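Engineer: If you want the building blocks of each chain, they are given just below.
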Amino acid sequence: MSFRHLDQFAQVSSPITALAPALRVLGTVVVALGAATLRLGAWPQLATLAGLVLVLAAVARIPLRTLLLRMLGPLVFVLFASVALLFLVPGEVVARVWWIDLTDNGLLRFGSALGRAFTALAAAVILVSTTTFPEIVQALRELRLPHAVTTALGLAYRFLYVIVDELERLQRAARSRNAGAGAAKRRRLLVSVVAAVLRRALVRSERTHRAMLARGFHGEIISLHRSRVDARSIMLLALLGLVVGAVTLSSYLAR
Amino acid sequence: MAHIPDGFLSAPVIAGTALASAGALAIAARRSRDSLGGQEAPLLGATTAFVFAAQMLNFPLGAGVSAHLLGSVLVATLVGPWAGMLVIFAVVLVQALLFQDGGVAALGANTLNLAVIGVGGGYAIYRWVLALVGVGPRRVISAAAVAAYVSALLVGLAAAVELALSHTLPFETAVLAIVGSHALVGFFEAALTGALLGLVYRTQPGLVANQVAPSGAERGWAYALAGVSLLVAVFAAYAASSRPDAFEAAIQRLGIEDTALTHLAGPFADYAAPIGGPWVAAALGVALVFALGWSLARFMAHVGRRT
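Chains as they are written, first to last, in the numbering used here: chain A, 21 to 275; chain B, 499 to 805.
Treat each hint with caution, since some may be false.
[What the hints assert, rightly or not] What the simulated footprint calls covered on chain B by chain A, stretch by stretch (three residues with Cβ under 8 Å from a Cβ of chain A suffice, anywhere in the stretch; the number is not a length):
id: 1; stretch: 545-552
id: 2; stretch: 596-602
id: 3; stretch: 667-680
id: 4; stretch: 685-698
[Said to hold, decoys possible] Ranges of calculated distance between the beta carbons of each label pair, as one might list FRET restraints:
id: 5; chain 1: B; residue 1: Gly725; chain 2: A; residue 2: Val117; range: 50 to 56 Å
id: 6; chain 1: B; residue 1: Gly704; chain 2: A; residue 2: Phe100; range: 51 to 57 Å
id: 7; chain 1: A; residue 1: Ile241; chain 2: B; residue 2: Ala785; range: 52 to 58 Å
id: 8; chain 1: A; residue 1: Ala194; chain 2: B; residue 2: Phe669; range: 42 to 48 Å
id: 9; chain 1: A; residue 1: Ala115; chain 2: B; residue 2: Pro510; range: 28 to 34 Å
It is worth saying that the hints were derived from the structure and are not from the lab. The structure presented is a predicted model; accordingly, all values stated were derived computationally and were not measured. We put the CB at the ideal spot given by N, CA and C, even for glycine.
Taking the hints into account, I'd like the entire structure generated from these sequences.
Structural biologist: Now the structure itself:
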């Protein structure tokens, strides 16, 4: 198993990959927060932020088709979640589909949720496509996330391949023996497989800890990565913050 | 809606939940360092990877429906509540950043729901049940199953409150839609938590953390809390509103209230008992719910030990 396809644009030289990973993470948060806090019904501002993110994707040299394909899965989930808003939010009935009344407030919420989610999702996809997982962990470390969390994330990245491969091996072994025919038997089989993997993961963590101690581990993982935060990156992030902040603020001023 | 996407929460809710999550995680980071004593790095790494991998597996529930593990209570029973919060936060963070499952701006809310309330609330219920019934293999598994169910409800309730505070949905509708679905998924979460814990307990009981028998004071508090909860439940059932709830309101709005059919006459229709009036009906209702919940937990413990 590999997640290498996720960060396939991390090695592509672009103004985005030239930025420090910590600032790429912050930039994603800035865009997501800006879109999430826009006034309801501020369509021009929402379109501006969505356009800005698409420009950033082009700057990162991510083809539009790749960007949209990667967003498709999460967008479908958001669509399912937000469709309910169309008729669950009280308001004036503006249309009727079969026996369901669609309200004006419901349409407003639905459109806003979808537009904001599109913008934030596009920003997150740009981050993941241009930044490797170790770089993201290093960025989170530089952003002062709890040491235990960044260490756990760094080690989880290494454990994950082993654990998922183990899950697949156990499932393949069960399939090759025709085990788990029928929903009830398959459920029981999956529980046994997951429990076996859980047991092995915990035992492996003990072995890993002993191995780490033998190599001089004293509670802190030392990274060889140097921080790439420079004045130019900070200025670009500040510019992005200013633009997003101005667009968001204008949605409240232009009422 | 266990993971809230971006676009559903208002600015004050985003800010409030982010602050609350940051505070809770800072406490969890300090407390887990104390409780795990240096072994935290590989243990947290392995548990994070396990939860992440386990959430990729969908279990068939029948009728074309499937569900995956949430893992809040399972993790809390294995590594403790503080480390458990960090593990679930790490999973939520990776899911939001790498897989866009849950919003980046909604990360504070999702962390508060799944990591802080899911793990912390679930673990509090787990310890409470253990304090009431004592420690032993079956009891630990039953307590974890009950806690997993309540934890799923709490996660749903927290999400409903946040959506209502953001004016995305009316409170009653949000509770009905989200807590309702979590009340069903909770059974699966409880059964899976019980079964997984049962298998781990049977082969390597040392891996299940926090099996310290509750002290006398803890048991006293637990019984007092149980007594107060029962009184509140009886009073709440007695004082149940006669106004239509969200479901009844929806039926009225659709104009189909007259088409409702009664196939089985309830023994205490409209909270009226044949002897003793509404107080007896409320007390019997609470006792029945408790007995049903306990029987389910015992059944899950039995399944967990057999699997």
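Engineer: Output the numbers, in ascending order, of every earlier hint that fails for this structure.
Structural biologist: 6
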